[in-house]
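Engineer: Sequence:
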Amino acid sequence: MPFEKTTFLPPGDPELARELLNELIHEELKVLMLVLGSSDDARILAERGNKSAGAINEPFSVVWIRAPEAVDDVLAGLQDPRGLLVEGALGIVLTFNDEIHTVFTSLPSSLKILSAFVNAGKL
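The sequence shown begins at 1 in this note's numbering and counts up one residue at a time.
Since the hints were made in silico from the structure, they are not lab data. Hints are not guaranteed to be accurate.
What the hints assert, rightly or not - Calculated pairs, DSSO-like style, for lysine-lysine (alpha carbon to alpha carbon, straight line, at most 27 angstroms):
id: 1; residue 1: K5; residue 2: K112
id: 2; residue 1: K51; residue 2: K112
id: 3; residue 1: K122; residue 2: K5
id: 4; residue 1: K5; residue 2: K51
id: 5; residue 1: K122; residue 2: K51
id: 6; residue 1: K122; residue 2: K112
Claimed, not checked - The calculated label-pair distances, taken between Cβ atoms and stated as ranges, are:
id: 7; residue 1: E23; residue 2: E69; range: 30 to 36 angstroms
id: 8; residue 1: D73; residue 2: L111; range: 30 to 36 angstroms
id: 9; residue 1: P81; residue 2: P59; range: 19 to 25 angstroms
By construction, the Cβ of each residue, glycine as well, lies at the ideal position given by its N, Cα and C atoms.
Using the sequences and the accompanying hints, generate a full structural model.
Structural biologist: Take a look at the structure:
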């Protein structure tokens, strides 16, 4: 399946991964779903997220972070006013304002992913 709406962070280059992730979070006006890890569930979440992100011109995108330990400092700095982020998260959906809106700790359905994108995109 093509990943048209997914950015893959380079797992072998932590410095570039941090730079790209910071740019995507803070410079792009998009609702992002961050997929964490390289497990089968992470792959399925990235696929479902890519499909749920809609057309190329819609403001929803996926960032697949196959080596999340490389960007721990960036993830630790995310705005989490509701205290949603937990250890072992599989996916994180960010609002346009770069705040954590939804955290997936297990593999969600495509409908839950779409709902998270839409609700995180409400201004």
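Engineer: Of all the hints given earlier, name the ones this structure violates by number, lowest first.
Structural biologist: 7
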